[in-house]
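Chains as they are written, first to last, in the numbering used here: chain W, 1 to 295; chain G, 1 to 95; chain A, 1 to 257.
Here are the simulated lysine-lysine pairs, DSS-like style, with alpha carbons at most 25 Å apart:
| hint | chain 1 | residue 1 | chain 2 | residue 2 |
| --- | --- | --- | --- | --- |
| 1 | W | LYS143 | W | LYS51 |
| 2 | W | LYS215 | A | LYS11 |
| 3 | A | LYS179 | W | LYS66 |
| 4 | G | LYS72 | A | LYS207 |
| 5 | A | LYS156 | G | LYS63 |
| 6 | W | LYS249 | W | LYS51 |
| 7 | A | LYS207 | G | LYS63 |
| 8 | W | LYS145 | W | LYS289 |
| 9 | G | LYS22 | W | LYS145 |
| 10 | W | LYS213 | A | LYS11 |
| 11 | A | LYS115 | A | LYS68 |
| 12 | A | LYS115 | G | LYS72 |
| 13 | A | LYS68 | A | LYS11 |
Distance windows between CB atoms, simulated:
| hint | chain 1 | residue 1 | chain 2 | residue 2 | range |
| --- | --- | --- | --- | --- | --- |
| 14 | G | PRO79 | A | SER54 | 52 to 58 Å |
| 15 | G | GLY36 | A | SER54 | 58 to 64 Å |
| 16 | W | GLY121 | A | LYS68 | 51 to 57 Å |
| 17 | A | LEU152 | G | ASP50 | 48 to 54 Å |
| 18 | A | GLU145 | G | GLU42 | 49 to 55 Å |
| 19 | G | PRO73 | A | THR155 | 32 to 38 Å |
| 20 | G | VAL74 | W | ARG292 | 56 to 62 Å |
These are calculated hints, taken from the structure and not from any lab test. For clarity, every value in this text was computed on a predicted model and none was experimentally measured. Ideal placement from N, C-alpha and C gives every residue a C-beta, glycine not left out.
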Amino acid sequence: MAEDTTSKDYWRWTESNWHDPDMDWREGDIISAGVDVGSVSSQTVIMVDGKLYAYSNMRTGSDSPKSAENAMDWALEGTGMTLDDIHYAVGTGYGRVNVPFAKRAITEIACHARGANFMYGPTIKTVLDMGGQDCKAIRVDQKGKVVSFLMNDKCAAGTGRGMEVFADLLGVHITKVGEMSLQVDEEPPMVSSTCVVFAKSEASALLREGWPKEKVLAAYCLAMAHRVVGLLERLGIEEDFAITGGIAKNIGIVSRVEKELGIKALKPSLDTQIAGAIGGALFATALLKKERKKK
Amino acid sequence: MIANYGYKDGSGEYFISVDTEKCTGCGDCVEACPYGVFEVVEDPMDPLSDDQVAIVTEAERKKIKYTCGPCKPVSDRPPLPCVAACLEHAISHSW
Amino acid sequence: MITAGIDVGAKNVKVIIQEDGKILGKGLVLAGLDTQASIKGAVDAALKDADLASDKVEKVFATGAGRKDVPDADDSYTEVGADAAGAIHLYPQARTVIDVGAEEGRAIRVDERGKVVDFAINERCAAGAGAFTEAMARALELPLEELGRLSLTSTKAVPMNAQCAVFAESEVVSLIHAKTEKQDIARAVHDAMATRITSMARRVGVKPDIALIGGVARNPGFVDSLQRDLETEVLIPEDPEYVSAFGAALLAAGLGK
Numbered sequence: 001m002a003e004d005t006t007s008k009d010y011w012r013w014t015e016s017n018w019h020d021p022d023m024d025w026r027e028g029d030i031i032s033a034g035v036d037v038g039s040v041s042s043q044t045v046i047m048v049d050g051k052l053y054a055y056s057n058m059r060t061g062s063d064s065p066k067s068a069e070n071a072m073d074w075a076l077e078g079t080g081m082t083l084d085d086i087h088y089a090v091g092t093g094y095g096r097v098n099v100p101f102a103k104r105a106i107t108e109i110a111c112h113a114r115g116a117n118f119m120y121g122p123t124i125k126t127v128l129d130m131g132g133q134d135c136k137a138i139r140v141d142q143k144g145k146v147v148s149f150l151m152n153d154k155c156a157a158g159t160g161r162g163m164e165v166f167a168d169l170l171g172v173h174i175t176k177v178g179e180m181s182l183q184v185d186e187e188p189p190m191v192s193s194t195c196v197v198f199a200k201s202e203a204s205a206l207l208r209e210g211w212p213k214e215k216v217l218a219a220y221c222l223a224m225a226h227r228v229v230g231l232l233e234r235l236g237i238e239e240d241f242a243i244t245g246g247i248a249k250n251i252g253i254v255s256r257v258e259k260e261l262g263i264k265a266l267k268p269s270l271d272t273q274i275a276g277a278i279g280g281a282l283f284a285t286a287l288l289k290k291e292r293k294k295k
Numbered sequence: 001m002i003a004n005y006g007y008k009d010g011s012g013e014y015f016i017s018v019d020t021e022k023c024t025g026c027g028d029c030v031e032a033c034p035y036g037v038f039e040v041v042e043d044p045m046d047p048l049s050d051d052q053v054a055i056v057t058e059a060e061r062k063k064i065k066y067t068c069g070p071c072k073p074v075s076d077r078p079p080l081p082c083v084a085a086c087l088e089h090a091i092s093h094s095w
Numbered sequence: 001m002i003t004a005g006i007d008v009g010a011k012n013v014k015v016i017i018q019e020d021g022k023i024l025g026k027g028l029v030l031a032g033l034d035t036q037a038s039i040k041g042a043v044d045a046a047l048k049d050a051d052l053a054s055d056k057v058e059k060v061f062a063t064g065a066g067r068k069d070v071p072d073a074d075d076s077y078t079e080v081g082a083d084a085a086g087a088i089h090l091y092p093q094a095r096t097v098i099d100v101g102a103e104e105g106r107a108i109r110v111d112e113r114g115k116v117v118d119f120a121i122n123e124r125c126a127a128g129a130g131a132f133t134e135a136m137a138r139a140l141e142l143p144l145e146e147l148g149r150l151s152l153t154s155t156k157a158v159p160m161n162a163q164c165a166v167f168a169e170s171e172v173v174s175l176i177h178a179k180t181e182k183q184d185i186a187r188a189v190h191d192a193m194a195t196r197i198t199s200m201a202r203r204v205g206v207k208p209d210i211a212l213i214g215g216v217a218r219n220p221g222f223v224d225s226l227q228r229d230l231e232t233e234v235l236i237p238e239d240p241e242y243v244s245a246f247g248a249a250l251l252a253a254g255l256g257k
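So that you can see chain W by itself, here it is in the shape it has in the complex:
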């Protein structure tokens, strides 16, 4: 979908879908799907025998079941596959119980752990998932099992929603925020890292004082990075470390989290927003195998 730069919808980001043209899914034994219906975005991942075959990433609508169906349809587009060809589907995310065709709903923490293990390999130990309306810190073992976790979905500080508030306030597209926030000569003092409402009123005052947008964004990105580092520190950080979710695409946040932690995050090889759906599809594969064994 082409980005409309004149649009006033500053929260709008680019949707995408993909499938592997070199893979023949008809040869596969197990076709599984993970559908992650988040508060802001929805993804579907389709796997053939545990290998990534197709995915989609799009905005969540006002209706969860419809969003799940849309994400599924878009992942299937051009593959020749239909919903009936999928043996087992798992729903995850905020709207996980509203995925009509899912056999099972699995919490997003378990799915993100498993998905990160697939995306980054068995050396991944700490995952920070920064989603639309929550932020999760997860420690995983080499098999992708959760060792410890915490999730903050009570408060908008440190979430994509908080970033949207700032994109809106400054009239900057959310996809441009990160880059813009780095166009400062030196880092300004941060605004409130604990409450988006207070950070916003501080930022409004700074704008009135004549601060350029870049500097205000830098002050907020710093605050947001500081906030999520505080969450991570509760669990303890062990490398390898990776950031997933929509905010992982924001260089202004990623670079500042790295700087405050003093470690680098692994570079993603796949869209960071599909980690949860990948985990869902992997669990779907495992659950189907377990089911078949029982028979």
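Start from chain W and add chains G and A according to the hints.
Frame of chain W, contents of chains G and A only:
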């Protein structure tokens, strides 16, 4: 696994931690809590296992600071009913 | 002895000039970018209101989040101390003081002599302060006064799940889309906030009488929800937002506990 349920907001960090290695899923904490903060379910973080563990209910996770308030007066704090009831010492509070 | 109390809050600067426990004058100015100018503006307004020259004021005490910004204060006091001093002077029988300001909520328990025994503060989170109702009024496209008034006409309790002002804004928007009556949404907003304030107050132990101070005490919708939640009436002074400044002025005169 250490499962931390709760949140951090401007006023502080409020997490109830359950150590699932120690938790037997006995449900003593469910009985002990006067406000229904706990429930025992199949471990949601490990979908491939059938183990029963105690978790903090979804509804309470965003407001435990308020729900747990009565058990945590500012001064003269008695032992927490949930922590005291757990013979395996699987439950702890961050605040 | 004539003294002044200056309360530099997050939203407003409030000044009280008092003599022997009687208020002579008051002044309130929106806290702008230039704190010094706002403080001076509020002091000048209070002097004018009292019809006094500044050299008649013998002592000045400051309080509030920005109390360190008052250049010629003789001393400064914490908000908790100033709240208690002001509220107990007005209501000697009060044992619990609840102060809900623009960016902070406080619950204070005092003993028979008006001494602070316990207190709890909610700061750095808008959900437990006036900023919450302001944000919700904006989401409902209503003036704040209207939100409070409208709330009283509600006949239905609608639950609000969001505990964060930002998420609550989205929830209010979905309630509007779901055709929920505006007065019921207004009440839901005040009920949600009252629950948070009550639970903070319960942590220090709620003992009657209860004095409610701070700017949010002017919101009848919030007061109604709070009284329902506390299952008792609260005492509200005429100028609830000035109580902390009054307390500081009393402390400056040696009249506080």
